[in-house]
Amino acid sequence: MINPMELTGKQILVAGATSETGQSIIDQLINLGARVVMTDNTEEKPVVLQKILDNKNAVFYAFDIYNNSEIEPNFKRITDKHGVFNGFVYCAGIGGVRPLAQTKYSFTSEMMNANLYSFVEMVRCITRKKSFSQGGSIVAISSVSSIKGLKSKTAYCASKAAIDASVRCMAAELSERKIRVNSILKGWVESDMKNEFIKSNMELNGDDDLRRQILGIIDSAEIANTVAFLLSDATKSITGTSLLLDGGYTL
Amino acid sequence: MVNPLDFTGKQILITGAAIGIGKETAVLLDKLGAKVILIDKNENGLKEITSCLESNGHHWFRHDLSDVDGILPKIKEIISICGALDGFVHCVGIRCRRPLSMITPVVLNEVISLNFGSFVELIRCITKKDHFNKGLSIVGISSVSSQIGSAGVTAYAASKAAMDGAVRCMAKELAPKSIRLNTVAPGQINTPAYADLLKINEGTEDATLSRQYLGLGEPIDVASVIAFLLSDSSRFITGSSIPVDGGFLSS
Amino acid sequence: MTNEEKIRLIEDAFELKENSLNQETPLDDIPGYGSMAKLTLIVLCDDEFGKKLTGEQIKAFKTIKDVIDFMG
Chain P
827 MINPMELTGK QILVAGATSE TGQSIIDQLI NLGARVVMTD NTEEKPVVLQ KILDNKNAVF
887 YAFDIYNNSE IEPNFKRITD KHGVFNGFVY CAGIGGVRPL AQTKYSFTSE MMNANLYSFV
947 EMVRCITRKK SFSQGGSIVA ISSVSSIKGL KSKTAYCASK AAIDASVRCM AAELSERKIR
1007 VNSILKGWVE SDMKNEFIKS NMELNGDDDL RRQILGIIDS AEIANTVAFL LSDATKSITG
1067 TSLLLDGGYT L
Chain X
243 MVNPLDFTGK QILITGAAIG IGKETAVLLD KLGAKVILID KNENGLKEIT SCLESNGHHW
303 FRHDLSDVDG ILPKIKEIIS ICGALDGFVH CVGIRCRRPL SMITPVVLNE VISLNFGSFV
363 ELIRCITKKD HFNKGLSIVG ISSVSSQIGS AGVTAYAASK AAMDGAVRCM AKELAPKSIR
423 LNTVAPGQIN TPAYADLLKI NEGTEDATLS RQYLGLGEPI DVASVIAFLL SDSSRFITGS
483 SIPVDGGFLS S
Chain U
339 MTNEEKIRLI EDAFELKENS LNQETPLDDI PGYGSMAKLT LIVLCDDEFG KKLTGEQIKA
399 FKTIKDVIDF MG
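Keeping their order, the protein sequence lines are chains P, X and U. Okay, so the first sequence: first residue is 827 according to the numbering used here, each after it adds one. Okay, so the second sequence: first residue is 243 according to the numbering used here, each after it adds one. Okay, so the third sequence: first residue is 339 according to the numbering used here, each after it adds one.
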């Protein structure tokens, strides 16, 4: 039986590996036959990743992924050791809920740094000619926040809108090498409910926002499948888009 | 005869008023009876434009808006001298044409902090109590680049998309205070920045212009839409981005 | 930080005049005290005191004193 989403022979770099979404993605990429190199800014590996790392097809690098000056040397170290990559997934980033009056520039800056600057710098480094293959694929995890206005999420929404704009430009610029760049606009995911600020905000607003997501809450396995789909040869002609994975939220 | 764009008695803050669209906006609002308060880092430019304006009672303040932390004290100074605002137009911004491989975090931050960071901080400060009058309308200059990807403009596009994302949120959050926010998204406009672009392109037809089937726009085309958005005629328009693009986005 | 200073912080966050609030003021008396205002208090407790206040907890608060006691 054919498997259009098979990733055998592909080497994928995943940034933000220890988040719940990251773990689901890595798990599925391994299941589809990929070799995965993962990074995050912590030495602590959750149980799911520990199991995966027993697999010879996976390796983990810890460094401060939000410290922009650490990205280039660490990526060089990774590509020197592991050679050419066929895919890159950015599922790192930070969330944050804050009224505009309390959205000081230091907060906005931190958000832009984690959700945009690190992504752009990582793409800049990984797509050096000798590190990324012709026809490779890049996926950023974005959010419906990129396209919809939400109270108390000015900085977060701005950062997601920015990452999607950068995805479109990178798609145009890297198209000569047939490298595809896309993002996923996710709605409310189960793991969001574990974030204390998001949870508080939900409690205060009733679950009105959640009810807009008419197909119910999304689980990270769905994101993993969508990422795998975009990394695979099944989507050779999809580039510069932001794929909605929102359970009907934006309808 | 009624004039829906009569700004007599209104006070409008404009950043980046020394050249281009900002300058044209100041000139137009002056003709429409507004008092304008101009901010730019170019003091000579400010003096020059203020002397061209037809009526008296305008103010200018020199401030480099890339110093985002210095914005709050500046706004407090401005309000104490001039009184509350009825409108704010953000025209300051830097272009950035660079291949992705040369967009380092330092470069990216320079563009984001001026184009977007200063915008949000200015709004955070202007919308504090007693700094604005009911019906305050805010307009940011975004770009078609916010929505369309092209090579070489990753940093610029990201900064404009961030502005649009922030406007969607702030519009929702500030609505209870009777404040509206929108952006305009110009295509190619005949400004000094465009003249610089022509020099770089050296005669090759600009890709945007070929899709912009109404031809090259003029600053007054954008200033007119800004004036409309500042006026009560647009009181039901908020959280949106209005293209002023000669048909570009739709073609 | 003294209790008075904490009250000044809250007044500032809500753009209220100095001394418009005291410990006994019911939270519902704060103009526009809804979910955004509650979020403002949550962020204030985190930023200034490093204390994580939840939505559930804040719903149970009745007066300014409840907030100040939480701030610690």
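Please keep in mind that the hints were generated in silico from the structure rather than gathered at the bench. A hint or two may mislead.
Stated by the list, open to error - Here are the simulated lysine-lysine pairs, BS3-like style, with alpha carbons at most 30 Å apart:
id: 1; chain 1: P; residue 1: K956; chain 2: X; residue 2: K273
id: 2; chain 1: X; residue 1: K414; chain 2: U; residue 2: K389
id: 3; chain 1: U; residue 1: K355; chain 2: X; residue 2: K318
id: 4; chain 1: P; residue 1: K956; chain 2: X; residue 2: K414
id: 5; chain 1: P; residue 1: K1025; chain 2: P; residue 2: K956
id: 6; chain 1: P; residue 1: K1004; chain 2: X; residue 2: K370
id: 7; chain 1: X; residue 1: K318; chain 2: X; residue 2: K376
id: 8; chain 1: X; residue 1: K370; chain 2: X; residue 2: K441
id: 9; chain 1: P; residue 1: K1020; chain 2: P; residue 2: K877
id: 10; chain 1: X; residue 1: K376; chain 2: U; residue 2: K390
id: 11; chain 1: U; residue 1: K344; chain 2: X; residue 2: K370
id: 12; chain 1: P; residue 1: K1025; chain 2: U; residue 2: K400
id: 13; chain 1: P; residue 1: K1025; chain 2: P; residue 2: K1004
id: 14; chain 1: U; residue 1: K397; chain 2: X; residue 2: K273
id: 15; chain 1: X; residue 1: K318; chain 2: X; residue 2: K414
id: 16; chain 1: X; residue 1: K316; chain 2: P; residue 2: K1025
id: 17; chain 1: X; residue 1: K252; chain 2: X; residue 2: K273
id: 18; chain 1: X; residue 1: K289; chain 2: U; residue 2: K389
id: 19; chain 1: P; residue 1: K1025; chain 2: X; residue 2: K318
id: 20; chain 1: U; residue 1: K403; chain 2: X; residue 2: K376
id: 21; chain 1: P; residue 1: K1020; chain 2: U; residue 2: K355
id: 22; chain 1: U; residue 1: K397; chain 2: X; residue 2: K419
id: 23; chain 1: U; residue 1: K403; chain 2: X; residue 2: K252
id: 24; chain 1: X; residue 1: K252; chain 2: X; residue 2: K441
id: 25; chain 1: U; residue 1: K344; chain 2: U; residue 2: K400
id: 26; chain 1: X; residue 1: K273; chain 2: P; residue 2: K930
id: 27; chain 1: X; residue 1: K318; chain 2: U; residue 2: K397
To be verified - Label pairs and their calculated CB-CB ranges:
id: 28; chain 1: P; residue 1: D1034; chain 2: X; residue 2: K318; range: 35 to 45 Å
id: 29; chain 1: U; residue 1: N341; chain 2: X; residue 2: P315; range: 27 to 37 Å
id: 30; chain 1: U; residue 1: K397; chain 2: P; residue 2: H908; range: 34 to 44 Å
id: 31; chain 1: X; residue 1: L451; chain 2: P; residue 2: Q876; range: 48 to 58 Å
id: 32; chain 1: P; residue 1: Q960; chain 2: U; residue 2: F387; range: 23 to 33 Å
id: 33; chain 1: P; residue 1: I920; chain 2: X; residue 2: P315; range: 50 to 60 Å
id: 34; chain 1: P; residue 1: I1040; chain 2: X; residue 2: C294; range: 33 to 43 Å
Unchecked claim - Some chain X residues flagged as far from chain P (calculated, every beta-carbon gap over 12 Å):
id: 35; residue: D248
id: 36; residue: E285
id: 37; residue: E290
id: 38; residue: V348
id: 39; residue: R366
id: 40; residue: D406
Everything numeric in this text was worked out from a predicted model, so none of it was measured. Beta carbons: idealized from backbone N, C-alpha and C, even for Gly.
Checked hints:
The hinted pair formed by K956/P and K273/X fails the criterion: a straight-line CA distance of about 58 Å is larger than 30 Å. Note on K414/X and K389/U: the hinted pairing holds, with a Cα-Cα distance of about 28 Å set against a maximum of 30 Å. For the hint linking K355/U to K318/X, the alpha-carbon distance of about 17 Å falls within 30 Å, and the restraint holds. With a C-alpha separation of about 46 Å, the suggested pairing of K956/P with K414/X is violated against the 30 Å cut-off.
Our distance criterion of 30 Å between C-alpha atoms is broken by K1025/P and K956/P, whose separation comes to about 44 Å. Pair hint K1004/P plus K370/X does not hold up; C-alpha atoms about 49 Å apart against a cutoff of 30 Å. Straight-line distance between C-alpha atoms of K318/X and K376/X comes to about 18 Å, which keeps the hinted pair within the 30 Å bound. For the given pair, K370/X sits about 43 Å from K441/X by alpha-carbon distance, which is inconsistent with the 30 Å threshold.
Taking the CA atoms of K1020/P and K877/P, the gap is about 23 Å. The hint holds against a cut of 30 Å. About 35 Å separates the Cα atoms of K376/X and K390/U, which puts this hinted pair outside 30 Å; it is violated. Under the criterion of a C-alpha separation no larger than 30 Å, the hint pairing K344/U with K370/X is consistent with the structure, at around 20 Å. As the CA atoms of K1025/P and K400/U are separated by approximately 21 Å, the hinted pair is consistent with the 30 Å bound.
At roughly 41 Å between alpha-carbon atoms, K1025/P and K1004/P are farther apart than 30 Å, so this suggested pair is violated. A threshold of 30 Å between alpha carbons decides the hint, and for K397/U with K273/X the separation of about 52 Å lies outside it, so the pair is violated. Taking the CA atoms of K318/X and K414/X, the gap is near 25 Å; set against the 30 Å cutoff, the hint holds. Restraint check: the Cα-Cα separation between K316/X and K1025/P comes to about 37 Å, which exceeds 30 Å; the hinted pair is violated.
Between K252/X and K273/X the alpha-carbon distance is near 12 Å, which keeps this suggested pair within the 30 Å criterion. This hinted pair does not check out: K289/X and K389/U have alpha carbons roughly 50 Å apart, beyond 30 Å. Distance restraint check for K1025/P and K318/X: the Cα-Cα separation of roughly 35 Å exceeds the 30 Å cut-off, and the hinted pair is therefore not satisfied. A distance of roughly 33 Å separates the Cα atoms of K403/U and K376/X; the hinted pair therefore is violated under the 30 Å criterion.
Our distance criterion of 30 Å between C-alpha atoms is broken by K1020/P and K355/U, whose separation comes to about 37 Å. Proximity of K397/U to K419/X is assessed by CA-CA distance (about 24 Å); at most 30 Å being required, the pair is judged to hold. Restraint check for K403/U and K252/X: the C-alpha separation of about 43 Å exceeds 30 Å, so the hint is violated. In summary, the hint linking K252/X to K441/X is not supported, as the alpha carbons are separated by about 40 Å, beyond the 30 Å threshold.
With a C-alpha separation of about 17 Å, the suggested pair K344/U and K400/U falls inside the 30 Å cut-off, and the hint holds. Of the supplied pair hints, the one linking K273/X and K930/P is violated, its CA atoms being roughly 36 Å apart against a limit of 30 Å. Note on K318/X and K397/U: the hinted pairing is violated, with a Cα-Cα distance of about 35 Å set against a maximum of 30 Å. Range check, D1034/P to K318/X: about 37 Å between beta-carbon atoms, so the 35 to 45 Å window is met.
Checked against the hint of 27 to 37 Å, the pair N341/U and P315/X passes, with Cβ atoms roughly 29 Å apart. A hinted range of 34 to 44 Å is violated for the C-beta pair K397/U and H908/P, which are about 51 Å apart. At about 56 Å, the beta-carbon gap between L451/X and Q876/P stays in the expected band of 48 to 58 Å. Range check, Q960/P to F387/U: Cβ separation about 54 Å, and the 23 to 33 Å hint is violated.
For the hinted restraint 50 to 60 Å between I920/P and P315/X, the CB-CB distance of approximately 29 Å leaves it violated. Distance hint check: the CB atoms of I1040/P and C294/X are about 56 Å apart, inconsistent with the given range 33 to 43 Å. Remark: the non-interface label on D248/X is consistent with the geometry, its nearest Cβ contact in chain P lying 30 Å away (cut-off 12 Å). For E285/X, the requirement that its beta carbon stay farther than 12 Å from each beta carbon of chain P is met, with the minimum near 24 Å.
Distance to chain P confirms E290/X as a non-interface residue, since its nearest Cβ pair spans about 30 Å, more than 12 Å. A beta-carbon of chain P is positioned within 12 Å of the beta-carbon of V348/X; the least distance is around 8 Å. Consistency note on R366/X: stated as away from chain P, yet its beta-carbon is not over 12 Å from all of that chain's, at 6 Å minimum. Distance to chain P contradicts D406/X as a non-interface residue, since its nearest Cβ pair spans about 6 Å, not more than 12 Å.
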